[in-house]
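Novice: From first to last, the protein sequence lines stand for chains R and P.
When we follow my numbering, the leftmost residue of the first sequence carries the number 486, and every step to the right adds one.
When we follow my numbering, the leftmost residue of the second sequence carries the number 28, and every step to the right adds one.
Mixed in with the good hints there might be a few duds.
[To be verified] Per label pair, the in silico range of CB-to-CB distance:
hint: 1; chain 1: P; residue 1: Ala241; chain 2: R; residue 2: Gly605; range: 24 to 32 Å
hint: 2; chain 1: R; residue 1: Ala614; chain 2: P; residue 2: Glu52; range: 47 to 55 Å
hint: 3; chain 1: R; residue 1: Ala631; chain 2: P; residue 2: Ala241; range: 21 to 29 Å
What the hints contain is simulated information worked out from the structure, not anything from laboratory work.
The model shown is predicted, which means the values in this text are computed figures rather than measured ones.
Glycine included, C-beta positions come from ideal geometry on N, C-alpha and C.
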Amino acid sequence: MSLLEIKNLSVRFRVKRAWGKSSYLHAVDDVSLSVPRGQTLALVGESGSGKTTAALAAARLVPAAGGSVMLGDTDLLKLEGEALRQARARVQVIFQDPYSSLNPRLRAGAIVREPMDALGTPDKPDRDARVAELFAQVGLRPEQRALFPHQFSGGQRQRIGIARALATSPDLIVCDEAVSALDVAVQAQILNLLRRLQTDLGLTYLFISHDLGVVQHMSDRVAVMYMGRIVEEADRIALFSNPQHPYTQALLAAVPSVERAKRSGVKMTGEAPDPLNPPPGCMFASRCPKVQPSCKASPPPLDAQAPDHRVACFFPGE
Amino acid sequence: MTDTFDPRKPDAEQPIEKPRSPAAEAWSMFRRNHAAVVGLIVLTIILAIALFGPILYPEDPFMMVWTPFSPPGEQGYLFGTDYLGRDIMALMIHGARVSITVGLAAAFVTVTIGITVGALAGFFRGFIEEALMRLTEFFQVLPTLLFSMVIVALFGASLPMITLAIGLVSWPAVARVTRSEFLRIRELEYVTAARSGGVRNGRLIFSVILPNAAPPIIVQAALMVGSAILFEAGLSFLGLTDPNVASWGQIIGSNRPYILDASYTVTVPGLAIFVTVLAISLVGDGLNDALNPKLRAR
Chain R
486 MSLLEIKNLS
496 VRFRVKRAWG
506 KSSYLHAVDD
516 VSLSVPRGQT
526 LALVGESGSG
536 KTTAALAAAR
546 LVPAAGGSVM
556 LGDTDLLKLE
566 GEALRQARAR
576 VQVIFQDPYS
586 SLNPRLRAGA
596 IVREPMDALG
606 TPDKPDRDAR
616 VAELFAQVGL
626 RPEQRALFPH
636 QFSGGQRQRI
646 GIARALATSP
656 DLIVCDEAVS
666 ALDVAVQAQI
676 LNLLRRLQTD
686 LGLTYLFISH
696 DLGVVQHMSD
706 RVAVMYMGRI
716 VEEADRIALF
726 SNPQHPYTQA
736 LLAAVPSVER
746 AKRSGVKMTG
756 EAPDPLNPPP
766 GCMFASRCPK
776 VQPSCKASPP
786 PLDAQAPDHR
796 VACFFPGE
Chain P
28 MTDTFDPRKP
38 DAEQPIEKPR
48 SPAAEAWSMF
58 RRNHAAVVGL
68 IVLTIILAIA
78 LFGPILYPED
88 PFMMVWTPFS
98 PPGEQGYLFG
108 TDYLGRDIMA
118 LMIHGARVSI
128 TVGLAAAFVT
138 VTIGITVGAL
148 AGFFRGFIEE
158 ALMRLTEFFQ
168 VLPTLLFSMV
178 IVALFGASLP
188 MITLAIGLVS
198 WPAVARVTRS
208 EFLRIRELEY
218 VTAARSGGVR
228 NGRLIFSVIL
238 PNAAPPIIVQ
248 AALMVGSAIL
258 FEAGLSFLGL
268 TDPNVASWGQ
278 IIGSNRPYIL
288 DASYTVTVPG
298 LAIFVTVLAI
308 SLVGDGLNDA
318 LNPKLRAR
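Model the full assembly from the supplied sequences, consistent with the hints where possible.
Specialist: See below:
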């Protein structure tokens, strides 16, 4: 049974235009995903593909326009007020920027303690001990609780962010580009820390990244997003060895690599469509190397190509 | 790649430097602005006079002590006497307390209204923001001196009413600064993180965002003290003041008809206001340096 079951999630932003008109930008359009407990689902895609918005909407940090987000037996999108506030303990986020994600006026210990104070768990006398335990879990020394964020390096700051995300003992952690802002050596440390925590604590990750190398290292399943929609979803091995959607193929071909010369060059040309005025057919048609006239007529459904391998393309495969 | 990180062995590279409190850091920045330090010294002296002056110089400032319009220095009266033969020195010392109290109290009113309006507008957005900002603009386009004169004329020229009138016409600037800081900070990830950690809106506004929005508001508030003193002097000059209370502006106002015959009667309080407001402005400028994180990097 899946821990997280996202169904038909959409998020739209109102964009004001001239003459008092406004139109909607569909940042996330009809996204369905499921993540089994203890596993990692990676959401990949280029900037602006809606991957972060989708995950933050699932965590109720961005308002969703429709759909459902089942976490266990509760639909997070239906919760309001105090029930929502309490439910927040179960979903936590590790943010991208370790510089803006920590309140500069609080000491590291207080930052990690904040969710415990807000949600009232554990009981007050136990909180200091819990903070110390969390610091140890993420590889920080207990004395460092007294330091301010600016006294830490980027990697250490990200560890504080991880400790804060663990503070409420969540079921699901959204890692929003959690290592993108770090340099490569530190990235490896943080990724290994995340994996170790997953094994030790049985965490479930929704892992957002644009870095396919990182995704290959971290994930069990991968969903590829393009302009607010999922274009391909499969388990990690199938997606990396046998990509079906031309966009996925192009993404994989674009990974800088020493072996790059050997790869078959699937290249993207053309421009992405205007998200405020999307075309009726496939969103990728304008950049697709094997586009056919029928692609521009109606959008391709996200169909199972093989068991457990969904692709939104009329002409999948080679 | 060698992965030197062993999670079971916390990294020992970083020595624990004694955490410098934000206040200590701000002071070290403030000290670099020499003009601000001079301003702070002058301001401290003026505050000391306001606080302890009436004890050191206990004469009743409203007592007639010598012939009117005796020039400074005569009969031991350092600043001379005014049109009623009162000791200007005594008036000045007692007036310092009043002027500075009015300045501080008016700044407090200004900041309280401004922060409340600005924080609510910046945090909640939507209809609340629209309504509050239109209200702010309404107060901003009113001619400030005229509006405060109307309030004082209608409700009486007592010091609390003057203070309230000054606060009521000055808050829009603070509200705008507060709102713009809230708009910026509410989008930062640590605010989202706090929300995700179940922090309630009230705490989010006052404990998470407001302390981070404080520096420009503190600078504004400091400058507001100076402009409130000026404002009070302006109202007093126009005669809208409590004649039974000596403030610097009131001394100028009451001696206004004799400005040509006994110019020192208005020069002395005028200079006092000038020096005080200048000192406050210099300190405000120094606070701006000290609290602005963008300058700290230099």
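Novice: None of the hints should be skipped; say for each whether it holds.
Specialist: A quick look at each hint next to the structure:
1. Checking the proposed 24 to 32 Å range against Ala241 (chain P) and Gly605 (chain R) shows it holds: the Cβ atoms sit about 27 Å from each other.
2. Ala614 (chain R) and Glu52 (chain P) have their C-beta atoms about 31 Å apart, which leaves the hinted 47 to 55 Å range violated.
3. At about 22 Å, the CB distance of Ala631 (chain R) to Ala241 (chain P) agrees with the hint of 21 to 29 Å.
In the structure shown, a violation is registered for the earlier hint numbered 2 alone.
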